[in-house]
Amino acid sequence: MDRSEIEKLAHLARLEIRPEEIDEVATRISNVLALVDQLQALDTGNVAPMAHPLDAVQRLRADEVSEPNRRDEFLAIAPATENGLYLVPKVID
Amino acid sequence: MHNLTIAQMIRELRQKTFSSVELTEHFLARIERLDSNYNSFVTVTREQALQQARQADARLAAGNAPALCGIPLAHKDIFCTTGVRTSCGSKMLDNFVPPYDATIVENYLRDGVVMLGKTNMDEFAMGSSNETSYYGPVKNPWALNCVPGGSSGGSAASVAARITPAATASDTGGSIRQPASLCGITGIKPTYGRVSRWGMIAFASSLDQAGLMTRTAEDAALLLNTMASFDAKDSTCVDEPIPDYTATLNESLSGLRIGVPKEYFGEGLNEGTARAVEDAIKTFEKLGASVHSVSLPHSHIAVPAYYVIAPAECSANLSRFDGVRYGYRCANPQSLEDLYKRSRSEGFGEEVKRRIMVGCYALSAGYYDAYYAKAQKARRLIKQDFVDAFKTVDVIMGPTAPSPAFEFGAKSKDPVAMYLEDIYTIATNLAGLPGMSIPCGLVDDKPVGLQIIGNYFAEARMLNIAHQFQQNTQFHDLAPAGI
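Residue numbers (our numbering), protein chains in the order written: chain A, 1 to 93; chain B, 1001 to 1483.
By construction, these hints were calculated from the structure, which means they are not laboratory data. Here the structure is a predicted model, which means the values were calculated and not measured. The beta-carbon is built from N, C-alpha and C at its ideal position, and this holds for glycine as well. There's no promise every hint is true.
The calculated SDA-like cross-link candidates involving lysine to any residue, where the alpha carbons are at most 20 Å apart (straight line), are [claimed, not checked]:
| # | chain 1 | residue 1 | chain 2 | residue 2 |
| --- | --- | --- | --- | --- |
| 1 | B | Lys1391 | B | Tyr1456 |
| 2 | A | Lys8 | B | Leu1336 |
| 3 | B | Lys1411 | A | Leu12 |
| 4 | B | Lys1383 | A | Leu54 |
| 5 | B | Lys1233 | A | Arg59 |
| 6 | B | Lys1383 | A | Ile77 |
| 7 | A | Lys90 | B | Cys1330 |
| 8 | B | Lys1413 | A | Glu24 |
| 9 | B | Lys1233 | A | Leu12 |
| 10 | B | Lys1413 | A | Met1 |
| 11 | B | Lys1233 | A | Glu67 |
| 12 | B | Lys1411 | A | Asn31 |
| 13 | B | Lys1233 | A | Leu60 |
| 14 | B | Lys1091 | A | Asn31 |
| 15 | A | Lys8 | B | Ser1319 |
| 16 | B | Lys1413 | A | Glu20 |
| 17 | B | Lys1091 | A | Ser30 |
| 18 | A | Lys8 | B | Lys1413 |
Examples of chain B residues toward chain A, derived with CB under 8 Å [unchecked claim]:
| # | residue |
| --- | --- |
| 19 | Val1097 |
| 20 | Cys1146 |
| 21 | Lys1286 |
| 22 | Ile1301 |
| 23 | Ser1364 |
| 24 | Gly1366 |
Only chain B is shown next, with the shape it has when bound in the complex (with noise of 0.2 Å):
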């Protein structure tokens, strides 16, 4: 059962099959029998999942019941749950039950989709190895000693396992792609303002987007249908039209212009990556689609440009944990000051720690305009570049990750090291532009990731791009040993 897409899932409840209560039982089983291994899940929410698999069944017997009806789904740890911990990876919120829904929580749960629990990430979505995660790391069902990625780790870990069809996730500077990438699954990030980030917990407002990582580019583009929705609670969501991200899937590729970044494959690339990426693309031109080179020249600048907003932002956003209304506070508080900056000591991590000081530097006195200013130009110019190379290109393409996974400890000392993991993934955060990431090939018996960039709102185009790669290669069937 673990086996099928959820497009096929669809099918079965409907031919009955099986019921959402047995694929339901079926997946928890996975989770209880194999997590240990990975430690994707912070939560399981057994009875809950149970009771809405019984509401599921009893809609799709009645008939009429919404495509996703009765599919099991986890959802990332940063997404506000009704009576259910939400704790962001972090101490701070490791006793914090929210007394509501994020927007894409309720939209799933108006469509009677199963929530089987919530995944492990890095703390406060700030990490690319989920090393951070008060929770512990998680481990890559493809190689147990290499971290899945980040900060959507164990979305991806769990997807790539099979004990859940497919994961909510979020993405900031590539943290839906890059683990897509290292686990060998299919993620999209939407753009930005696509889906409500209301109720997702913030870390960089201006760059967060939420998606979804799955198997298939098919099963994306069914579970996207839901997600993706105009939400007044969140005022930067845009209020476009949202077509049905299926009904294109099947487009043909004739005629499609891919341009490929030569920034994009200079030096820190993998050789082995590089090759599986040339190859995808190789692919493409077989199916009808044109090559051309394109050039992004401000790529370099991406890294440093992000890690000024996103730090600022954060300390911005992160002011609100200050023990007195939810979340960790300290013990025998003896001061007003006191009672802040022990409770944030003690709940905070060393990374969110960090990232919070880099951000008060750059927004403090005197180095406002030095900082954040010059970074929010440098944004435009990285958008700029994408908006000419897309007067000539319908879609870029290269690789997502430097590397396939590494080990645990191999960068987590070292912040700027572990800070390039994101150098192909974070400039489509700054220009706000949606990004996938499917697997194209094995380096070293580990999964890599080949990245599609598209224009604003080109969703379903990325979507029939991916879906048609996937029709024509097995890459997305591969799973790890054991599995």
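Extracted from the complex, chain A is given alone in its bound form (with noise of 0.2 Å):
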């Protein structure tokens, strides 16, 4: 991988990198894909993809209120809050 696919890469992630530490990230990604790249070899040919191992499917439940309203031990732990809303820089001006 190179430079600016690493930058792609954290920005998809929401990380941020910084200059010196891109090689290094590069190589040890590198490492780990190639590691995965094995599996291209492998005949998968007429294999259903397995999400769960028992195929189990969505269970479905009435359409009820089942959780009580704990917006106020919710809010307590944000890091910042104004008036029963979690804070965050101006994102539209």
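Assembling the complex is the task here: the two chains are given apart, and the hints tell you how they should meet.
See below:
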């Protein structure tokens, strides 16, 4: 992987990589990708992908309110709140 | 007191040899005196523990208390605990105090189990040596210059050092079995869906499973009785009948068919480990079992498939850490993007960031079919290998880890070398099968484990097999020097 690919990947992951770290990150990620590339030699022509080991499907339930409102408790552990809302830097001018 | 098993403690509590408060005090004192050697606890909950122990004593005095009432237990710091910081070994959650309990934590509270504290772990359960923890590495009680394994290294070391009778843990690719092997204790990862994942901080949701680390299989059976439950709050939990896991511990192993996969004894396996595992299998023959060679032909693609699926799911799960709702937030964010990027870059450690990036790559436009879909197909082939093997054998046995505990730093600079630590355990997670590790010998004065892989929901049979081995051998009684 080259530097621009790493920079693009870091942006997709919303991570910041310092310029001096990029080469090392590129080497290590390339090594991991070389490991997983062993999969490419595998014949999976007629194989269906597997998401759940027991091929379970999503259970449904009645559309009823089951969770209590715990807004205050959840806001209490947030880094910054105001008037019952999460506070973030200005997004729209 | 700390040399007793939980099964023995249950009897002594009822005979009033000691109270739960005395038992709890004893373990708290051991943690306070000894854990500076191991760093196995991130948080010790002394006051809550003693309060829970007093309540347990009252329930025991009133009669009809559940079996585990008054027994102390440590929780891996991946399980949410109301009012007690749950860090997941990360700076990201260093300040996170959950307002709710994980279902398994609730189950143990219901049955009167006393929580001693929260155990150290690799950051977000990503690691096989406990070296990625924000709180520093855990040391192996058998050799302080060596790793305890990971990611449940704190749970494993604390049980091995007998500073807690048992600990909860989680296993995504071997995180219960590999540290159990390296620390000389018993570990069980149940079938995917047997135990609720609700309130267990997610790493790779289709692989994560909670389980236990104990000194004996009997203790694991006792604890699994409370841990296992159907939970509507976990959409992947499976609604299957839950047996009493202690009821069948004493069944005979006569006629048991053991499958030994030749792929688990190839290049890379330590000679001493191979000998110890082969000897253990011979012990089962003496107990009436027959041994059969089986093949798991897709074993070699388990690690590559895992290192697509686990990072892909991790990158999705860890996208929730945004510096907005809870957890770490960077100072003076200049924009929303700056807030996301710096909070995440400063809050996550190197291995976590690497896996998020690998996962993003595998899921990104143009690569999805080549990586994630391909790995999901490989996963089905791996599962089918086991399904075929279980047509002719009842259980599969082999090594848990390729070698005994290694020294700090030996693999931490090379992710791929570290990933191969889990070469024998990962396939079980991909297939969703239950797995155990039990001690089966010492190599260079360090423990090695025998892995037992069962069919779906065969936990009771596996515990029976492990218990019978422990009734006829002494490996599980060995303790590190000075313990």
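Q. Between B:Lys1413 and A:Met1, does the CA-CA distance stay at or below 20 Å?
A. Measuring from Cα to Cα gives roughly 19 Å; hence the hint holds.
Q. Is the straight-line distance between the alpha-carbon of A:Lys8 and that of B:Leu1336 20 Å or less?
A. 18 Å, holds
Q) Are the Cα atoms of B:Lys1233 and A:Glu67 separated by 20 Å or less? A) 11 Å, holds
(Q) Given the hinted pair A:Lys90 and B:Cys1330, is their Cα-Cα distance within 20 Å? (A) Judged against 20 Å, a Cα distance of about 16 Å means the pair holds.
Q. Can the restraint linking B:Lys1391 and B:Tyr1456 be considered satisfied, given a maximum Cα separation of 20 Å?
A. 13 Å, holds
(Q) With the threshold set at 20 Å, check whether the alpha-carbon distance from B:Lys1233 to A:Arg59 stays at or below it. (A) 11 Å, holds
**Q.** Holds or violated: B:Lys1413 to A:Glu24, with C-alpha atoms at most 20 Å apart
**A.** Judged against 20 Å, a Cα distance of about 11 Å means the pair holds.
**Q.** Satisfaction of the B:Lys1286 interface hint, Cβ to chain A closer than 8 Å
**A.** Where the cut-off is 8 Å and the nearest Cβ of chain A is about 34 Å from B:Lys1286, the hint is violated.
Q | When the least beta-carbon distance from B:Cys1146 to chain A is tested against 8 Å, hint result | A | Violated: closest Cβ of chain A sits about 24 Å from B:Cys1146, beyond 8 Å.
**Q.** Per-residue hint verdict: B:Ile1301, partner chain A, C-beta under 8 Å
**A.** 6 Å, holds
(Q) Between the alpha carbons of B:Lys1411 and A:Asn31, is the straight-line distance 20 Å or under? (A) Judged against 20 Å, a Cα distance of about 14 Å means the pair holds.
Q) Straight-line Cα separation of B:Lys1383 and A:Ile77 no greater than 20 Å? A) 41 Å, violated
In this structure, the earlier hints numbered 3, 6, 9, 14, 17, 18, 20, 21 and 24 are contradicted, and the remaining ones agree with it.
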